[in-house]
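S.K.: Here is how the chains run, residue by residue.
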Amino acid sequence: MNENAINLKKVNKLFGSTHAVRDLDLTVPKGSLCGFLGPNGAGKTTTIRMIMSIIYPDHGSIEVLGGNALSSKDRIGYLPEERGLYRKMRVGDFLEYMATLKGITRPDLRTYIKGWLKRIDLPDVFSKKCEELSKGMQQKIQFLTSILHEPELLILDEPFSGLDPVNTELLNKLIRELSQQGTTIIFSTHVLHQAEQICDRIFLINKGVKILDATLEQIRERFDPRTILAEPFDDNPPSNNIPGIKSSRKLPHSAAYELEIDIGANPQIIMQCVLSEKPMRSVELRRLSLDEVFIQVVQQDVGKEAAELAREELSLV
Amino acid sequence: MSKTIIIAWREFKLTVFRKVFILGVLGIPVLIVGVMILAGYMMVQHEEPPLVGTIAIVDSTGEVVKAAKIEFDAERIRRDQQLQLKQMQEQSLDAMKGGVASPGNIGSMPQMPTRGDVDITVESIDASNEQLVSELNDRVRVGDFIAAVIITPETISTAKIGDENSGDVRSTFDLSVGEELDSDHVGLIERRIGAAVVRVRAERAGYDPDVAIAMLKYPTAKTTRTLKDGEDASESKVVRKLKQMIPLVFMMLIWMGTMVSSQHLMMSTIEEKSNRVMEVLLSAVSPLQLMTGKILGHGGVGLLIVGIYSSVAIAGLIASSFFHLIDPMDLVYLAVFYFMAYFMIASIMAAVGSAVSDIREANTLVTPIMMILMIPLMLWMPIIQDPNGTIATAFSFIPPAIPFAMILRLAAEEAVPLWQIPVSIIWGYFCVFAMIWLAAKIFRVGVLMYGKPPSPLQLIKWIRYS
Numbered sequence: 001m002n003e004n005a006i007n008l009k010k011v012n013k014l015f016g017s018t019h020a021v022r023d024l025d026l027t028v029p030k031g032s033l034c035g036f037l038g039p040n041g042a043g044k045t046t047t048i049r050m051i052m053s054i055i056y057p058d059h060g061s062i063e064v065l066g067g068n069a070l071s072s073k074d075r076i077g078y079l080p081e082e083r084g085l086y087r088k089m090r091v092g093d094f095l096e097y098m099a100t101l102k103g104i105t106r107p108d109l110r111t112y113i114k115g116w117l118k119r120i121d122l123p124d125v126f127s128k129k130c131e132e133l134s135k136g137m138q139q140k141i142q143f144l145t146s147i148l149h150e151p152e153l154l155i156l157d158e159p160f161s162g163l164d165p166v167n168t169e170l171l172n173k174l175i176r177e178l179s180q181q182g183t184t185i186i187f188s189t190h191v192l193h194q195a196e197q198i199c200d201r202i203f204l205i206n207k208g209v210k211i212l213d214a215t216l217e218q219i220r221e222r223f224d225p226r227t228i229l230a231e232p233f234d235d236n237p238p239s240n241n242i243p244g245i246k247s248s249r250k251l252p253h254s255a256a257y258e259l260e261i262d263i264g265a266n267p268q269i270i271m272q273c274v275l276s277e278k279p280m281r282s283v284e285l286r287r288l289s290l291d292e293v294f295i296q297v298v299q300q301d302v303g304k305e306a307a308e309l310a311r312e313e314l315s316l317v
Numbered sequence: 001m002s003k004t005i006i007i008a009w010r011e012f013k014l015t016v017f018r019k020v021f022i023l024g025v026l027g028i029p030v031l032i033v034g035v036m037i038l039a040g041y042m043m044v045q046h047e048e049p050p051l052v053g054t055i056a057i058v059d060s061t062g063e064v065v066k067a068a069k070i071e072f073d074a075e076r077i078r079r080d081q082q083l084q085l086k087q088m089q090e091q092s093l094d095a096m097k098g099g100v101a102s103p104g105n106i107g108s109m110p111q112m113p114t115r116g117d118v119d120i121t122v123e124s125i126d127a128s129n130e131q132l133v134s135e136l137n138d139r140v141r142v143g144d145f146i147a148a149v150i151i152t153p154e155t156i157s158t159a160k161i162g163d164e165n166s167g168d169v170r171s172t173f174d175l176s177v178g179e180e181l182d183s184d185h186v187g188l189i190e191r192r193i194g195a196a197v198v199r200v201r202a203e204r205a206g207y208d209p210d211v212a213i214a215m216l217k218y219p220t221a222k223t224t225r226t227l228k229d230g231e232d233a234s235e236s237k238v239v240r241k242l243k244q245m246i247p248l249v250f251m252m253l254i255w256m257g258t259m260v261s262s263q264h265l266m267m268s269t270i271e272e273k274s275n276r277v278m279e280v281l282l283s284a285v286s287p288l289q290l291m292t293g294k295i296l297g298h299g300g301v302g303l304l305i306v307g308i309y310s311s312v313a314i315a316g317l318i319a320s321s322f323f324h325l326i327d328p329m330d331l332v333y334l335a336v337f338y339f340m341a342y343f344m345i346a347s348i349m350a351a352v353g354s355a356v357s358d359i360r361e362a363n364t365l366v367t368p369i370m371m372i373l374m375i376p377l378m379l380w381m382p383i384i385q386d387p388n389g390t391i392a393t394a395f396s397f398i399p400p401a402i403p404f405a406m407i408l409r410l411a412a413e414e415a416v417p418l419w420q421i422p423v424s425i426i427w428g429y430f431c432v433f434a435m436i437w438l439a440a441k442i443f444r445v446g447v448l449m450y451g452k453p454p455s456p457l458q459l460i461k462w463i464r465y466s
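Top line first, the protein sequences correspond to chains Y and P. So that you can map any letter, position 316 of the first sequence is 316 in my numbering, and since no number is skipped, the others follow by simple counting. So that you can map any letter, position 130 of the second sequence is 130 in my numbering, and since no number is skipped, the others follow by simple counting.
Do not rely on the hints blindly, as some may be mistaken.
[As the list claims (entries may be wrong)] Interface residues of chain P toward chain Y, partial, derived using beta-carbon atoms under 10 Å:
| no. | residue |
| --- | --- |
| 1 | K3 |
| 2 | I6 |
| 3 | R10 |
| 4 | L14 |
| 5 | E272 |
| 6 | K273 |
| 7 | N275 |
| 8 | V277 |
| 9 | T364 |
| 10 | Y450 |
No lab work stands behind these hints: they were computed from the structure. Note that the structure is predicted; figures quoted are calculated from it, not measured. All C-beta atoms in this analysis are idealised placements derived from N, C-alpha and C, irrespective of residue type, glycine included.
Construct the complete structure from the given sequences, taking the supplied hints into account.
M.R.: This is the structure in structure tokens:
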């Protein structure tokens, strides 16, 4: 039995002379909640559209739920980046139409839809026209169209954009619930802290190339800054004599000090030593945020590209 | 239920159950039939005012006055009215059966008989000078007389009869009528005074006046048209005109049904694009399913339009006994070529609708296509006049004119060479598949493209993309 919901192998997509996606390999394990990250124009939406069989790759293979998305559309939920509703259609009719297209045949469909509307805090919109709803409400209706049929795989393209914090939290909660129920979820975003909050796996692409593919734990390990943040009660810095501390520096606009530790040194022991040396307001092992990882990886990627270009130029000379 | 059918049903329902559609498409035939019924009802209900009064005749001989009294006899007028009515009914029936040409009377075409009561007194007036004539006209104006007639010796002269230099014995008489006299009544007075003059002339020439008047009626022509293939056919002008119109009606039915429904198709595609709902739909169905569903749904709309209009036309033909003019096979061809025309134009419209973002952009792409589609409309006359000529034959094989040219030719009288019918149908449907295939390729890319409308070169690139 295939343990992966999505398998992309050496996928390439060109639009004219623009190489939108380049040699992309991607594996989404079943039941995982994956963040698909990348700057604007990185190729996220193109990849998602290829996964959904809305457009096709020029090279490479895509396997979704053991086949292709066309044959499994009813098992996939999709919230596209381009959001839209039939403006003149009533909300209930629209959801009913989309549910029927998604293969729902239950006789109590209208009651089922009303139940879901209640769950997303829109109990009174069933008979309203879509154009009468606010943008946030419309977005929630669109989210509903992607989950009404209880999909095995849910693909969300920028699901939180344009939502207020209350509705963001509501959506967050629903996504986590669906994930706990076993739905495989992949969502793209460029707001990284959202991904950090709920994802257990991250894919990062830039200019159509995958530059990071790991679980959050692996990322934290890999991008461990080997730095301790210590904030003493007095203004004096922690002692440099503690074994394992390479250097220390005061952080600007803060009372804290950043202590860089040696490779191979145990941060737990160093933290205990720092605490025993003098009273401290706080001592913590610094972790890079996803934003910092993102910037670091993208910058490395840009550097690599520049180096490659320079090499090409040199070889030409 | 198949997703394509779900989409098709939604498109059909959404178009047909709109007030605009019901009023615009279904309302028109109802309106036409309603107006016809109303006009007929009003004609039946319309009561002509009675023609009662005195006609003053200035006639120095007194002969025309005497004859006019015979012509204006109430019993005679009633009998003639009934006879005229009967003749008109017979003519109409003959025309419907494709039988005979209209008979007529010398000096005038058959007139609709006046239906009101007629009670006229004829009075002889002596008005030997202009002043008296003027006074007579004043008395007509004030209503003493309903009409005044002045007969001169030349009016009743028979001097020119037999004169080889002038075969024309017509002359004039002056008739003065009041401003408010009904035009039908004026016509009746004119005809009756004319008949009185002929009566006097016949008496003067030694003929029986009644026989002479009866002899003035034209005989009824029974025209036979010899057709090229050796068959004889007897038909009236009405039938000939109808036979010319039937191909045009067939073509217009296809054109109208196709245009209305494919325009709706294009508009709904543009609406889905501009509402940004397209990608939501594509998460549930494939672009091909979406396009096929939309084409089928709007095809149903077109079929409904063609069905309604052709039913009204057929009902009209049956009611007027002209249904025999239609070959049942032509109705089969109507269906075959309607679908061909619709799928061709709908695929073009679907592609255009998917490629643009709003109706203004669509117009720039549709205008050249519409100009091509107008060609069959402009060529209907030359095609009907020479159904097997070069123009007609050429357009029978050039898409998208094939269905329009072929239905014009097939419904026309001249037989189309037998081999051309299956060849044009097979070639036409091959073109349909090719056009749908190309449209699907454009549709697949176009529905997700926003911004500047594509150039023809870009459209070709889109076809290669997918």
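S.K.: Are the hints correct? Go through all of them and say.
M.R.: Each hint tested on the structure:
no. : hint : in the structure
1   : K3   : holds (6 Å)
2   : I6   : holds (6 Å)
3   : R10  : holds (6 Å)
4   : L14  : holds (9 Å)
5   : E272 : holds (8 Å)
6   : K273 : holds (9 Å)
7   : N275 : holds (5 Å)
8   : V277 : holds (4 Å)
9   : T364 : violated (23 Å)
10  : Y450 : holds (8 Å)
Taken one by one, the earlier hints fail for this structure only at number 9.
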